[in-house]
Structures are given as structure tokens and as C-alpha cells.
Amino acid sequence: MITQPLPEPAGEGGFLGNGYLPPGMLNNPTNICNASPRSNEAAAAAAAAAAAKAEEELEGINCSPCCDNDNIRRTFRGIALGQILSICLCGTGVSSQLLSNKGVNAPAAQSFTNYFLLCFVYCTALSCKSGDDSLLEIIKRRGWRYLVLAFIDVEANFMVVYAYQFTNLTSVQILDCSTIPTVLLLSWLFLSVRYLITHIIGVCLCLLGIAILIWADMLDGKGTIGGSSHLLGDGLCLGGALLYAVSNVCQEFLVKQYNRVEYLGMIGLFGSLISGIQLAILEHKNLSKVDWNLSTIGCFAIFGFSMFIFYSLVSYVLQKTSALMLNLATLTADFYSFLFGIFLFKYSFNSLYFVSYIVVIIGSIMYSLKKTEIRDADEPRRVCPCLFLCCCCCECCFEDGESTEGSLNISPLSSATHSCPMHGNSTSQSIRLSDFSRS
1 MITQPLPEPA
11 GEGGFLGNGY
21 LPPGMLNNPT
31 NICNASPRSN
41 EAAAAAAAAA
51 AAKAEEELEG
61 INCSPCCDND
71 NIRRTFRGIA
81 LGQILSICLC
91 GTGVSSQLLS
101 NKGVNAPAAQ
111 SFTNYFLLCF
121 VYCTALSCKS
131 GDDSLLEIIK
141 RRGWRYLVLA
151 FIDVEANFMV
161 VYAYQFTNLT
171 SVQILDCSTI
181 PTVLLLSWLF
191 LSVRYLITHI
201 IGVCLCLLGI
211 AILIWADMLD
221 GKGTIGGSSH
231 LLGDGLCLGG
241 ALLYAVSNVC
251 QEFLVKQYNR
261 VEYLGMIGLF
271 GSLISGIQLA
281 ILEHKNLSKV
291 DWNLSTIGCF
301 AIFGFSMFIF
311 YSLVSYVLQK
321 TSALMLNLAT
331 LTADFYSFLF
341 GIFLFKYSFN
351 SLYFVSYIVV
361 IIGSIMYSLK
371 KTEIRDADEP
381 RRVCPCLFLC
391 CCCCECCFED
401 GESTEGSLNI
411 SPLSSATHSC
421 PMHGNSTSQS
431 IRLSDFSRS
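Sequential numbering from 1 applies to the sequence shown in the working numbering.
Watch out, some of these pointers could steer you wrong.
Pairs of lysine to aspartate or glutamate, EDC-like flavour, derived with a Cα cap of 16 Å [as the list claims (entries may be wrong)]:
no.	residue 1	residue 2
1	K256	E373
2	K320	E137
3	K371	D70
4	K370	D70
Hints in this document: simulated from the structure, not taken from any laboratory.
Owing to the predicted nature of the structure, the values given are computational and were not obtained by experimental measurement.
Sequences are here, hints too, so could you generate the full structure?
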């Protein structure tokens, strides 16, 4: 049997303080009693520190992790930022409606004002940097990624705004909500996000709140009138919503992988180029017929500045939270648009809007009370066993210590002990499903 030599003592009493005994003491136990006072003091201090740490950990057990200070701060910070973003979206909606009332139909031109402001502010900041963070170096290394993302973002904005010409408000509201489940699925697939039961309940509550809002529109008859080609309009809106979902998930990845200034500068640069070419091809005749008075210019300015603030804050929200939380928190934009519509467009009052607002806020709080978790790189991505068993998307859906490299591993039901946040420790049977190997 090979024995490992004990490390050399760092000083008098060093072994005792670290849990080791010199060889002489092992042969003669009475030497332990004759240890130096400094050794005894070191051992006593180490024991006291260990006891204090254990007591501190025991007292620090939080039986209600959803209500600790960090969760509360994160939740209300996300909700507050979401309301600011909703007000910005409300500003874009109101200005677009005012332009529509004036007979101005130029969605690409409206988007161009936003991308130009982003390019002017953040590309200027990037041009002042040197080395790997310089503007030219970023374009050479990963400019193609931002070009693809900018194209998706520009076309998503264009399709949703253009859909209002062919379908009605209710259809747009319903189809626009398809962004949320799409973001949830894409985040699970590509960002390796784990969703717990509280997240699923929060998403369902937010969608319920939007359903109440749409119902209120239908009762008042505001959202069911209009639309020359509902099939085309619904297709444009659905396509725009799906592109929004892809854009949001890509934004979350890039913002967390690099930094906000880089993302905003690149999206502004390529977005202004794409939207500028698009408006020159599709909207040059419409723009030539516009009466460029002070009111029209003001509406374009309100739209551009609102979108500029929105994009600037979105990058921060994505960095601190997630793409799904962003979409949930901004669902209240329809409520603020309703408040402005009462004064500007003479909308009739309906108390269901307030009910919808409260339900969406409760759903957003429910979602953000507990942070989402990220699957480890060597942990298999599995089909959630909650499809077959009792627990919905909790930690017990995953097992640690298995590699996804090499094969597709679908094994029979195997027994394992899991810690479920709802049911405690339990022995259950699970289906293991590993990723496909790309080797």
C-alpha cells in the first residue's frame, strides 16, 4: 500500500490548526496533551470558526426563497423597467396612429429614425475605442451576426406595422402573443434555460390578462372592425411575432456574451442601412406625397425617440433578466395605449382594462419571483418528465453528472431520488434522453 507523505509543517502548531497531527504525536498520544499553547489556541479557534459557520448556515436557511430580499429587488426592478418600456411602446403606438390618421403610411421610414439614432450615439462611442473593442475590429470578427439580427429585427417591425392595413386590432393582439411561447421554447432549446412551475404559471397569467383585454375590445367593438384582407394581415402579424421571438433570444445571447454598447451600435448601423434601402425602394413615392408640417415631423420624432429609449433599455433588461421576462413585462403597453386613447381618440372606458392590467402584473411578478436556471454544458437536455409524471418543469426533471457527448441515450425507466420543490425528496422513475452527438 502506497502512503502519501504528510505535508511539511508551516510553523508551530500549523498541523493542529489544519486538522493534521505530526508523526511523533501519532506514535505517542500523550504528546497531544503536551502540545504547545499556541497549537491549542489555533485548534480552538478553528473549531470555533467551524461551529460559527455551521450555526450561521443553519440560521440562514430560507424556508421561503421566493420572498428574500434579492428576489424582491430583482422582481420589482424588472416590473418597473417593464412599465417604462411599455410607456415607450405606447409612445410608438400613439405616434403611429396619429400618422395613420394623417394618411402617412411609411413603416420603414419610421423605423429608420430609430436605427439612425442608435447608430449615431453608440457607433460614435465604439469608434472612440481601440484594440479588440474598436468598431472596425467588431465588424470584422462578428459583424455578420449583427447583420443577420438587424435584418430579422427590421423585418419584424415592418411586418407587424404593415399588418394593420389588412387586418383588425384584435387579430394583431392575439397573434402578437405567439411571441411569448416561441421565446420560451427557443430559450429552452438554444440558451439552455430551465423553467420551473412558477414560471409557467406566470406566463399563463400574463396570457390570461391579454385575453381579458382582447375580450374588452370585442365587447366595445373597437378591435373587430376593419381589414381588407384578414388572411394576409394575420400572416404578416404571425410572421412578425415569430421574428420578434427569434430577435429577442438572439439579443439576449449577444448582450450577455459581449456588451450593450456593442450590440446597440451594430444593430443601429446595420438596421439603418437595411431600413434605409427598404424605404428607398418601397416608400419613396409615399414620402414624396407627405405634407411635412410641424405636426408630422413631431410624430416621426416621438416615434424615433420612443424607440431609441426602448432599445437602449431593452439591452439592459435582457442583460439583467431574460427575453421572456421582457415580453411579459411589456404586455401592459396595451393598457397605457388605452389610457392615451381615451383622451386622444375618444375611446370608451371599460373596467376590464384595469382587470387585465392587474392580472398581467401579477403574472409578471409570479414569473420573476424565482430566477431561471441554466443547464450545465455537460448536462443532457431532456424532454421534461413532467409530461408523464407529477412535477412540472422543476429541478427533479434533471439529473447531474451525465455527459451528452457521443450518442443518443434513451434508457428504460430508472429509479432515482429527486428533490422536488413541491413534493420534497422522493424516489421516482424517469426517462433519460441525451442530446444527439454532432461528432
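Each hint, compared with the structure:
Between the alpha carbons of K256 and E373 the distance comes to roughly 15 Å, so the proposed pair stays at or under 16 Å and holds. This hinted pair does not check out: K320 and E137 have alpha carbons roughly 26 Å apart, beyond 16 Å. For a cut-off of 16 Å, the pair hint linking K371 to D70 stands: about 10 Å separates their Cα positions. For the suggested pair K370 and D70, the alpha carbons sit about 10 Å apart, so the restraint of at most 16 Å is met.
Taken one by one, the earlier hints fail for this structure only at number 2.
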